[in-house]
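Number of protein chains: 4
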Amino acid sequence: MIIVMRPGASQEELAAVEAAVRETALEPHVIYGTERKVVAATGDERGVSPGTFELLSGVEKVMPVLAPYKLASVETRPGRTVVRPAPRPGVGPFAAAWGAREVVVIAGPCTVEGREQVVETARAVRAAGAVALRGGAFKPRTNPYSFQGLMEEGLEYMAEARAATGLPVVTEVLSAADVKLVAGYADVLQIGARNMQNYLLLRAVGEINRPVLLKRGMSATLDELLFAAEYVLMQGNPDVILCERGIRTFERHARNTLSLAAVPALKARTHLPVIVDPSHGTGHSYLVAPMALAAVAAGADGLMLEVAPDPRRALVDGGQTLDFCQFEELMRGISAVARAVGRGLALPAGGGADAPDREKTGDG
Amino acid sequence: MIIVMRPGASQEELAAVEAAVRETALEPHVIYGTERKVVAATGDERGVSPGTFELLSGVEKVMPVLAPYKLASVETRPGRTVVRPAPRPGVGPFAAAWGAREVVVIAGPCTVEGREQVVETARAVRAAGAVALRGGAFKPRTNPYSFQGLMEEGLEYMAEARAATGLPVVTEVLSAADVKLVAGYADVLQIGARNMQNYLLLRAVGEINRPVLLKRGMSATLDELLFAAEYVLMQGNPDVILCERGIRTFERHARNTLSLAAVPALKARTHLPVIVDPSHGTGHSYLVAPMALAAVAAGADGLMLEVAPDPRRALVDGGQTLDFCQFEELMRGISAVARAVGRGLALPAGGGADAPDREKTGDG
Amino acid sequence: MIIVMRPGASQEELAAVEAAVRETALEPHVIYGTERKVVAATGDERGVSPGTFELLSGVEKVMPVLAPYKLASVETRPGRTVVRPAPRPGVGPFAAAWGAREVVVIAGPCTVEGREQVVETARAVRAAGAVALRGGAFKPRTNPYSFQGLMEEGLEYMAEARAATGLPVVTEVLSAADVKLVAGYADVLQIGARNMQNYLLLRAVGEINRPVLLKRGMSATLDELLFAAEYVLMQGNPDVILCERGIRTFERHARNTLSLAAVPALKARTHLPVIVDPSHGTGHSYLVAPMALAAVAAGADGLMLEVAPDPRRALVDGGQTLDFCQFEELMRGISAVARAVGRGLALPAGGGADAPDREKTGDG
Amino acid sequence: MIIVMRPGASQEELAAVEAAVRETALEPHVIYGTERKVVAATGDERGVSPGTFELLSGVEKVMPVLAPYKLASVETRPGRTVVRPAPRPGVGPFAAAWGAREVVVIAGPCTVEGREQVVETARAVRAAGAVALRGGAFKPRTNPYSFQGLMEEGLEYMAEARAATGLPVVTEVLSAADVKLVAGYADVLQIGARNMQNYLLLRAVGEINRPVLLKRGMSATLDELLFAAEYVLMQGNPDVILCERGIRTFERHARNTLSLAAVPALKARTHLPVIVDPSHGTGHSYLVAPMALAAVAAGADGLMLEVAPDPRRALVDGGQTLDFCQFEELMRGISAVARAVGRGLALPAGGGADAPDREKTGDG
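Chains A, B, C and D are the protein sequences, given in the same order.
Numbering-wise (this note's numbering), the first sequence opens with residue -13 and increments by one.
Numbering-wise (this note's numbering), the second sequence opens with residue -13 and increments by one.
Numbering-wise (this note's numbering), the third sequence opens with residue -13 and increments by one.
Numbering-wise (this note's numbering), the fourth sequence opens with residue -13 and increments by one.
Accuracy of the hints is not assured; some may be wrong.
Where chains are identical, the list cannot tell them apart; a pair therefore holds if satisfied intra-copy or between any two copies.
What the hints assert, rightly or not - Derived SDA-like pairs: lysine to any residue, alpha-carbon spacing no greater than 25 Å straight-line:
hint	residue 1	residue 2
1	K47	D209
2	K166	V77
3	K47	P14
4	K47	E21
Keep in mind the hints are simulated off the structure, nothing from the lab.
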C-alpha cells in the first residue's frame, strides 16, 4: 500500500503514519520526494483497509498495490482452468468445456414457458451446434407485475430437454435456499447480474459440486467480479465461468453497453474462463449477431445466446431473442470467426452445424 | 404504449401491429404523421412487454407511456406516507417519523464491532440529536477477506444500545432466511444497495410488520428503485423509506456520485419518504458534512450518517465515518439548514436514559 | 510516480526500470515487498507520461503521485482567489465577487432572443437580487436545425441590459477567433461544457483581461477541469471561476446528474471559486430550486440560473427555465440557506431581494 | 412528438396543449387512454423543442418520435456512402475507400515527433498492409505541460511520408482557423473526440473538399454523433467517416470503454462508414489487438491504430501503441477475421515507393 503525505506534512505526522502501518503488521518504508513524502507499506495488505490510513493527519491519499483477490488470480494458479459439467446418469459426457481451445455456445430461451417450447428449442440449438442449453425457471424481474418463471416445473422441462438432446442444463438460481433444488436439475448454476454481490448465495454455490456461471453485475468493476468469484472459490468449488453481459452507461441505443475489452482484460487477470452474453448485453436482436462474432474475435471462451421458436411471443425479453433461422446462420459465422482466431467451435456429441453428418444423429 | 412504425411501413405491417395490440387487450389507435405512422395502444400496459411489438415487421421503436409501478406512485395514493417504527415493550414511542415535516437523522457505526462501541456511539449520537441508531451486524463485503460482521451478537448489542438510549435500531438484513431473526431485534429493516433487486428478500420484508429502509442500487434508475419498493408494498407492508446513497459513474474523487436531484425527482413520483446517505454516497469524511447539508436543502426527509468513537480504528469504512465532535457540529448545521427550508429537526424523545435534559437544548 | 512490478519480475527487469526512471530525470527508489517489488520515482513527475514505464518488461502498473496541475492547486497558492469583473466606463463597480463570503447569483435567459426580453429579464432578476446577468448570444447547439443565437446583435442587447441595470454581463464565447469581439461586450467570458477541452480557446481567453467562467465538461473528471483551468492560468489570466453543471451518467430522470460533491472536492483541491448551474445540471424547472438550495448548502460560491419572462415560449431550453415569480421565491430560499451555512447573498448595488428598500431603486 | 398528459389533466389543459401544438405548425391528435390522455403532434418536429410543451400545465412528459438528423440518416439516402480521398498530384489514386466491402486500416504514430519516425513508420505500416497513415501534428492535450505537437513541421513530415509510401495522410485539425493549413497537407481531416461538438470547426470542415474522420465524443450518444456529422453534411461535404473510440464509464481497467455495439447500431441508422480506434478506445497495448479483431467482426469498415518504432519512447500515449512486429501480426489476424465475416482487407496500391512486390504478399 502506498500512502502519499500532503505537502508540508510534519515529521510527527509521518511518524504517526509509520506507527499505524506497523500496527497492521505491514512494514513502512519512507521515500522522500521533492514535493511529497511517501510511505510504502509492504506485506500482505489484503486484510488492511485503506481507510485506516486515510484519516490520519497529514495523509493525502492511499493507493493499494496488490490485486485483492487470490484464488481467482493468474498469479496463484498457473495455466487456465477448464470447467466441465459432470456427466449425468444416463447422459454421457458433455461436449461443453469452458476455457479449452474450442468456443462453447450455450443457447436456449430466456425463460422456460412450457415443455414443448424448451424441448423444441433444445433440439434446434443442438442441431445448429450449441453444446449447452440455457433457460430460466426462476426469473428475477425488475417489474413485479411481470411473469416470474415456472420454477420447479420449468426445471423439469429443462431436464426433459437434456434427456432429449444430451445438452447440459444451465439455469439461474436466485437464493441460497434454492441451491439444492436447482442443483438437482442443473448442470451449471447461473448467478445473475443482480445477484453478483449476493454473498450468501455465492457461498452456497461454492459449497456444492456444480460449475457456476457468474455474470458480471451491471455496474461491477473487474475487481468486484473477481472478488465475487473468490467467494465461490474460497468454499472449495473451483469451477467458475465468468460472463460479461453489458454494463450500465449513458448509452441509450442498447439496453447495456457490452464491454468486450473486459474479455482480454479478465483473461490477463484470472485463469477462469470468460464468456459473453450478447443477448442481455445489447437487448436488441439486430445487435446480437455482430456482438457475438465480436466476442469470439476478442477471445471469449464461449457465448450465451437467447433463442426461441417465436421470439415475438416470448413472455420475457423477446426483443433480444433470435429465432432458429437467425441462430443457425449466426452459428456459421461464429464457427468462421473462431477458426480465424485460431480456435474452433465445440460441437455437440455426434456433430453440429459444421459436421457434414450432423443430421444423422439420433437426438439432434 | 406508443409504437412508432418505420418510414415506408406497409398497410399490412400496420394491420399486423394493430392485431398484436388487440391480442394483449390494449386498444390500438393509428395516427398518420407526415413521416411516420404511429400506433397508440391504450389500456393498462403494465403487464405488456415492449418487446412484444419491437420484433414485428415494420416497427421502429416502442415507447411506454405509463410509469410501470402502481402502489408506490403518487397517482395511486394522495398525500405523503409517514413511516413510524412501532413502539417496543419497555421502549416508549420513538421520535423518528420519516416523511413528516421534521428531518430525521439516523446515525451510528458502519459496523457493530463490540458492545461498548455501539452503546457509546448511541449515547453520543442521541446527545447530538439523532433519533435512530444504525449499525451493521450482517455485512455484505465486496472483499471476502474483510470482516463480515458480528451477526446475531451484533444485533444483541444494538438492542442494548436501544435500551440505553431509547433510539430505534436500523440494521441491514441480507437474506430472506434471516428476516425473522433480524426483525426480532430491529425496528427498521435496511435493504442494502447490493440487494435492491434481490426480489426474494424484498418479498420477505414485505410480509412482516417492520418499516423497510430501501437503498437505491448503485446503478438503479428511479423507476427500478420504485419497482423494488413496489415488491415490498405488494406484500402488504406500506412502510418503505427510500434512500439515495450514490450511484456509480466515471467520477473518481468520491466513492460514488451522490445524486441529490433524485430527492426532488423521487418526491414528484412517489408518496414514500426519501432520505440520503452521504457517508456511502461520498466515501470520504470531508465530503460528508457538505453533502448532508445539501441533502436537507434538496428536500430530503432524513439522513443516514456513519459515526464512530474512533473512525481511524474502524474495521469497515473508517474513511467516511465522522467522530463525535464532527457529528455534533454537523447536527448544528443540519438544524440550521432544515429551518432555512421551512423544516425542523426531529428530536429524540424525552425518555432517553442519558439525556434527561435534552429538551432544553436548542436543536439537539 | 509509483511503478509496481509484476510478481516474479527479474533483477534485470528491475534494473531496466530504474534506468528508464533515471532517463526521465526522476530518481528511482526500490522497495522490496513480500509479493511485489515497487519502484518509487521521485522528482517532478508532471512532464513524465506513465506510459513511458507501462510498456517496460516486468511492469504491472504505474500510479502517479502528484496532482498534475500546479497554478490551480491549493498547494501553490495559499488563500482563496476572489474573482471580480473590472468596472466598465459609466458602470460603477460591480457587486459580484466570486470566492468571497457572499453567494453570487448570475441569472438571465438561456439565449438572448431580443432587446426587450433581455432588458426586462435583467431588471427582474436584479430586483430579485441577482448580481450578474447571463444570456447566450453565440449558442453551441447539438441540433444543427436549432436556433443558433443572435450573435453580435445579442451581445449588444446584453450591453444595453447592463447599462439599464448595472449588472455585469456573463456570456459564452465559442472560438478563439471571437474572443476579442465577445470581450468587447462581456464582463465575464463563459467557456461552455462542450469547449472545456478546446485548448486553443482556453489559451485565447487566458491572454485577455477578463474573468473566465469555465464549465465542467459533461464527462470531465475534476483533474481534467483543473487542467483546463491551468491552460487559462498559464497564459497569465488568474481569474477563473469553475462551474459544476452536471455530468453524464446512466440516469434518465434529469438531463444530467448534478454532482454536488464536486463543490467541496474542488474547494479542497483549488483556490479558485466554484459555482453551480442547476438549470443545465437538471434540465427540468421543478428540479432547479431544490438543487440551487442544495448547491449553496454544499458550499458553492455562486449559482447560475436560467430565468425568462415566459419560459414556455423560450426558443432554447425552456423546460429548465424559471419565470420571474419562481426566481423571486427561489432567491428568498437561497438567501435563507446561505445564512444558515454562515454566508450571505451578494446583493446588487442599491439592494436586492433582502433589501427592505430595494423597490425604490431606479432600475430594479 | 408524443405529449403525455398527467392523470386527471383537465379539458382546458388539454385544449391549451392542442393550441400550443398548432402554434408550432404541428397537428395535434388526441388519444383518450384508460389512465392518460396523449396528444400526438404530427408533422416535422425537428425544429420544435420538447421544452415548448413540457412546461404547459397538465403535461407529464414529451417524447420525440423522429430521429432529429436528416442528411446522415439511412432514411434520406439509400445505399451506403463510400468515402475516398481525392488523388494528389504525383500520388496516384489511393487504395483507401471507407464504406466499401474491404476493411481499411489507418496506422501510424499517435504524434509526429520527427521526420525519420514518421517516414519509417509509414513504410512499416504500409509493408504490413495499412492503406492510410495517421499522425498528430496538432495535439489536444489534457495536461498543459505535455508535448503539444510539431504543428506545421509535423504536417510536412507527414507529406514526406506520403510521398515515400503513397499512403494518404489522416491528421487532426483543432480549430476552424487551421482548416485551410491542415487541408493543404492532409487527405483526410480528423475531428477529435474533444471537438465533436465544436460546431464552428464542424462547419469549417464542411465547407472544404476533404473527407472528414469524425470521432465520437467521450460521452456522446449516437444521436449526438450523427448531429455532429449533420453539421458537416449540411455545408455540402458528403464525405464523413464516423469513428467509435471509446466512451467514458465507471470502468477502470481500460482508459475508455470501447462500445462496439455502436458499430452495428450506427450502421442501422446512417449510410456513413463507421470505423473503430481500439488504441484510444482501450489505452493499453495488450487490449488493442483483441479489440481490433472484435471491431472487424462487429462490422467496422475500418480501423485506426497507433504504431511506432519504439512505443516505450513515444512522447504521447506510448502505453497504447503497437510496435512494428505487433502490428504485422495483428494485420494477419485482421485479414483472417475480415475474410471470416465475408469481407477482405483493403491493400495498399501498387505504386508505393518501397513496396514494389507488395502484391505478392498474402494479406499484407
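Here's how the hints hold up against the structure:
Taking CA atoms no more than 25 Å apart as the test, K47 paired with D209 passes in both settings, with 20 Å inside one copy and 15 Å between copies. With identical chains, the CA atoms of K166 and V77 are at most 25 Å apart within one copy only, with a shortest distance of 20 Å there and 42 Å across copies. In this assembly of identical chains, K47 and P14 lie within 25 Å of each other by CA distance both inside one copy and across copies; the values are 15 Å within and 21 Å between. In this homomeric assembly, K47 and E21 come within 25 Å of each other (Cα to Cα) both inside a single copy, at 14 Å, and across copies, at 22 Å.
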